[in-house]
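Chain A is already provided as a structure; the job is to place chain B on it using the hints.
If you read the sequences in order, they're chains A and B.
The first sequence begins at 109 in the working numbering and counts up one residue at a time.
The second sequence begins at 109 in the working numbering and counts up one residue at a time.
Hint data in this document are derived by calculation from the structure and do not stem from the laboratory.
Since the structure is predicted, the reported quantities are computational estimates derived from the model, not experimental observations.
Check each hint, because a few of them may be wrong.
Same chains, same names: a pair is fine if it fits in one copy or spans any two.
[To be verified] Restricting the straight-line Cα-Cα distance to at most 30 angstroms, the calculated cross-link-like pairs of lysine-lysine (DSBU-like) are:
#	residue 1	residue 2
1	Lys-138	Lys-287
2	Lys-287	Lys-397
3	Lys-397	Lys-138
There are 2 protein chains.
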Amino acid sequence: MSRTTFPLDALAPDRTSQIPLHRQLYQALKTLIQERTLAAGTALPSTRWLAHDLRIARNTVSAAYDQLITEGYLSNRAGARPVVIDLPAAPTGNGPSSASEAHYPLSRRGELMTSQPFHYGSPGHMAFHPGMPDASNFPFGLWSRLLARRASFARDTLFGTYNVTGHPDLRQAIAAYLKAARGVHCSPEQIVVTTGAQAGLDLLARILLDPGDAVWMEEPGYYGAQSAFIAAGGHLLPLRVERGNWQLDPPADRQLRLIYVTPSCHHPLGGTMRMEQRLRLLDIAESRKAWIIEDDFDGEYRFQGQPVPAMQGFDRAQRVIYIGTFAKILFPALRLGFIVLPPSLQANIAQAVSITGQFAPLLLQAALADFFEQGHMARHLRRMRRIYAGRRQYFHELCAEHLSAWLRLEPGDAGIQITGFLREGLQDAVVAERGRRRHLNLSPLSMHYRHGVPRQGLVLGYAASDAAATQRGILSLRETFEGCS
Amino acid sequence: MSRTTFPLDALAPDRTSQIPLHRQLYQALKTLIQERTLAAGTALPSTRWLAHDLRIARNTVSAAYDQLITEGYLSNRAGARPVVIDLPAAPTGNGPSSASEAHYPLSRRGELMTSQPFHYGSPGHMAFHPGMPDASNFPFGLWSRLLARRASFARDTLFGTYNVTGHPDLRQAIAAYLKAARGVHCSPEQIVVTTGAQAGLDLLARILLDPGDAVWMEEPGYYGAQSAFIAAGGHLLPLRVERGNWQLDPPADRQLRLIYVTPSCHHPLGGTMRMEQRLRLLDIAESRKAWIIEDDFDGEYRFQGQPVPAMQGFDRAQRVIYIGTFAKILFPALRLGFIVLPPSLQANIAQAVSITGQFAPLLLQAALADFFEQGHMARHLRRMRRIYAGRRQYFHELCAEHLSAWLRLEPGDAGIQITGFLREGLQDAVVAERGRRRHLNLSPLSMHYRHGVPRQGLVLGYAASDAAATQRGILSLRETFEGCS
Numbered sequence: 109m110s111r112t113t114f115p116l117d118a119l120a121p122d123r124t125s126q127i128p129l130h131r132q133l134y135q136a137l138k139t140l141i142q143e144r145t146l147a148a149g150t151a152l153p154s155t156r157w158l159a160h161d162l163r164i165a166r167n168t169v170s171a172a173y174d175q176l177i178t179e180g181y182l183s184n185r186a187g188a189r190p191v192v193i194d195l196p197a198a199p200t201g202n203g204p205s206s207a208s209e210a211h212y213p214l215s216r217r218g219e220l221m222t223s224q225p226f227h228y229g230s231p232g233h234m235a236f237h238p239g240m241p242d243a244s245n246f247p248f249g250l251w252s253r254l255l256a257r258r259a260s261f262a263r264d265t266l267f268g269t270y271n272v273t274g275h276p277d278l279r280q281a282i283a284a285y286l287k288a289a290r291g292v293h294c295s296p297e298q299i300v301v302t303t304g305a306q307a308g309l310d311l312l313a314r315i316l317l318d319p320g321d322a323v324w325m326e327e328p329g330y331y332g333a334q335s336a337f338i339a340a341g342g343h344l345l346p347l348r349v350e351r352g353n354w355q356l357d358p359p360a361d362r363q364l365r366l367i368y369v370t371p372s373c374h375h376p377l378g379g380t381m382r383m384e385q386r387l388r389l390l391d392i393a394e395s396r397k398a399w400i401i402e403d404d405f406d407g408e409y410r411f412q413g414q415p416v417p418a419m420q421g422f423d424r425a426q427r428v429i430y431i432g433t434f435a436k437i438l439f440p441a442l443r444l445g446f447i448v449l450p451p452s453l454q455a456n457i458a459q460a461v462s463i464t465g466q467f468a469p470l471l472l473q474a475a476l477a478d479f480f481e482q483g484h485m486a487r488h489l490r491r492m493r494r495i496y497a498g499r500r501q502y503f504h505e506l507c508a509e510h511l512s513a514w515l516r517l518e519p520g521d522a523g524i525q526i527t528g529f530l531r532e533g534l535q536d537a538v539v540a541e542r543g544r545r546r547h548l549n550l551s552p553l554s555m556h557y558r559h560g561v562p563r564q565g566l567v568l569g570y571a572a573s574d575a576a577a578t579q580r581g582i583l584s585l586r587e588t589f590e591g592c593s
Numbered sequence: 109m110s111r112t113t114f115p116l117d118a119l120a121p122d123r124t125s126q127i128p129l130h131r132q133l134y135q136a137l138k139t140l141i142q143e144r145t146l147a148a149g150t151a152l153p154s155t156r157w158l159a160h161d162l163r164i165a166r167n168t169v170s171a172a173y174d175q176l177i178t179e180g181y182l183s184n185r186a187g188a189r190p191v192v193i194d195l196p197a198a199p200t201g202n203g204p205s206s207a208s209e210a211h212y213p214l215s216r217r218g219e220l221m222t223s224q225p226f227h228y229g230s231p232g233h234m235a236f237h238p239g240m241p242d243a244s245n246f247p248f249g250l251w252s253r254l255l256a257r258r259a260s261f262a263r264d265t266l267f268g269t270y271n272v273t274g275h276p277d278l279r280q281a282i283a284a285y286l287k288a289a290r291g292v293h294c295s296p297e298q299i300v301v302t303t304g305a306q307a308g309l310d311l312l313a314r315i316l317l318d319p320g321d322a323v324w325m326e327e328p329g330y331y332g333a334q335s336a337f338i339a340a341g342g343h344l345l346p347l348r349v350e351r352g353n354w355q356l357d358p359p360a361d362r363q364l365r366l367i368y369v370t371p372s373c374h375h376p377l378g379g380t381m382r383m384e385q386r387l388r389l390l391d392i393a394e395s396r397k398a399w400i401i402e403d404d405f406d407g408e409y410r411f412q413g414q415p416v417p418a419m420q421g422f423d424r425a426q427r428v429i430y431i432g433t434f435a436k437i438l439f440p441a442l443r444l445g446f447i448v449l450p451p452s453l454q455a456n457i458a459q460a461v462s463i464t465g466q467f468a469p470l471l472l473q474a475a476l477a478d479f480f481e482q483g484h485m486a487r488h489l490r491r492m493r494r495i496y497a498g499r500r501q502y503f504h505e506l507c508a509e510h511l512s513a514w515l516r517l518e519p520g521d522a523g524i525q526i527t528g529f530l531r532e533g534l535q536d537a538v539v540a541e542r543g544r545r546r547h548l549n550l551s552p553l554s555m556h557y558r559h560g561v562p563r564q565g566l567v568l569g570y571a572a573s574d575a576a577a578t579q580r581g582i583l584s585l586r587e588t589f590e591g592c593s
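Next up, chain A with everything else stripped away, as it sits in the complex:
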């Protein structure tokens, strides 16, 4: 390209612009190359020549050229003028929308994962989101002070990629709490802090299950756990639960790899596993060489008597893996939970955690350790237990008064959710969908079944609603039922 045909006009700088001149020149040249106005093989003017013609400094031109060389638009030959590189056209094809592929952008596992049942709330649809604690009684002011204090001094230990398995202060606090409150025996080294119980289930499913391995899973059972096992390739076998009774007849013809139970407070039905069954289950696990996951999501909330100690405390064969969460006793969006591993599973767990990227923000962990340390956790739990007992009572009363034609509540005295069975003929998914239009957050019981015909019911969280909200919610639910009849 000769000096006279070079498209100098397109490069004229705008001296009123905020954009630096070298950046303007870079952008203008890039456009000329992309549009092929400057064809491949074109030698650009020397920096001296172009600087002169554009009336800009020579190192402004150099800066623009350098950037284009870095990005690969111009070749860089020492001492020579840079030359426009022959670039292939950017692909413009139809890509993933082409027919054969449109139905299969994901892997088979990806399809499985994205098709699992899912129930999450939206702000403002509180009644009756299952497992949701009460926000208005959480000490946010205190929490904000604990966070701010730790954040101001975060630089040394809360900054880097240390403590993949959990902040030492928090692991210590959790071990002490579990011993006192849940009868769990463990050292802080057995604890892995996770970004919630689901993350713990996901990690365990992956390190314990190979595709095809059998999981003896409560039926009905927590759908999040089922999804984690299925995503890891596990094969679910039903461990049927009804009226506080676990049918402990393990399938005779299959090797069992994993057993999942919620013995303190069954999810979703709310029963408590009797001691006899706990001991039998431990025995089955040992003789079948299976792991037990004891998911203690709700064990702190028992409204008659004391919380029932965890099964982990009776396990002498080190077969039980205990999972806990702070989603119910503090709040879900905190995203903190933990696993207690038997010593035989401790080795190299940090490697597995680091692959998942699951390790939790250190700042939140440190603030939570302080929350324990300063006695706030014990106080908060005592207080919430009292509040929830009252709400539970009121919820029962209103259900009896308004909903008995459609809903029969499962008896029980634990947990921050209550399951009700629907009258014959009502479909829980339909009720939930109709309720959604009335700003109710209803979780269908049928989501928790994977084998045979699911029972129809609703898993109702009562804890987040004060008396007025409970009343509004129950009346809305009555209208919903009336609309379904």
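Structure of chain B alone, referenced to chain A:
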């Protein structure tokens, strides 16, 4: 058991204890049952009788009995005295330590996951942790104020299980930032906030790869990405990178499912992919119907010229998945990163995220959105770029002065880490181990190879060390080398 033989002494209350009387009685009875002093079938005394003999209130006895009934130690027959249940002995076996099993407590996948390479720091071992930003220049005071402000008003939108794919404010802020700073084109809806880049890689590996699927992976390449693909069952094929050149000859005989690249700043070698190669890679991905993961972990730090725009912005076929992290531009323990998905992968991604339990704490996300919104991010980046440029320069000078006999630095002008190749005969793992004893955090280059003979080198993070720390570190490294000779 008759009234005279009943072990009343063992139940005598301690009235000086802090423990409530019903709890003392419960504990004492439980011990008697567990020790089989109270044998199965024994009918317990009536509440009236026992209350009288122990001189305690009758409802204290009832409370203890009720708890034992709940936990399954006593049977509950209406109107009758409770009877001790026949409990099987707790298993005491050797459990997982028995010979055949001790070597195989995990699944095959679990063994794979726990045996992946792993490199994390410990507080106090800062020099020369790769990818580590500078803690002392992070505005912790400001961060603490942003957190505290959001925490005080957290109750409505930052409390529950909403926004699994990310807080709306943060997704908005990231989309705007990516457009301006990285040339990435996306709507906020395409963004999934993750608990860091590794979590994003792990999620993508699982939803895109089935076991056996081929991944064309940079060699050397980021070991964390390799681990995520391997854990998902991916089969790695090497995409060789040397001196800023990506050898783009895809294996002819295999279906490619996924391509992993770090085009803005190669990890670990530091080169930048030229435009010609970017366009060719996009073309290969389209013709082979493969996904590209563009991991832009370090693209913000370029010290000559401007950051090179991301490949995602040139991708018209929607084949590129872009991954970013705040670990390098803010700090690692924040545990926040993100994925930009092509629209064809957006559907139902919340289900997959919810299985992994990976969704990030909403409070941190909201505070980070404010950090962007109020202009702190842009200021912080400008400031750190200036500081790191100086540190990089100084690091180069000291290496040339002290380490040239052992270490040859790879040229490059981007990133907060620099790779050096070791002199023939030195083993990087040995050097790293010796350095550890001198409180150096050295990451061996050989970790990043999976095929053939790895090159020996060190990946050195210079950004977290001020002049004094850099000098101390370099001198320690020299002593380490001297000790290896």
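Right, here's what the structure says about each hint:
1. Proximity of Lys-138 to Lys-287 under the C-alpha cut-off of 30 angstroms is restricted to the inter-copy arrangement: shortest distance 17 angstroms between copies versus 66 angstroms within a copy.
2. For the homomeric pair Lys-287 and Lys-397, the shortest alpha-carbon distance inside one copy (26 angstroms) is at most 30 angstroms, but the shortest distance between copies (54 angstroms) is not.
3. Proximity of Lys-397 to Lys-138 under the C-alpha cut-off of 30 angstroms is restricted to the inter-copy arrangement: shortest distance 29 angstroms between copies versus 65 angstroms within a copy.
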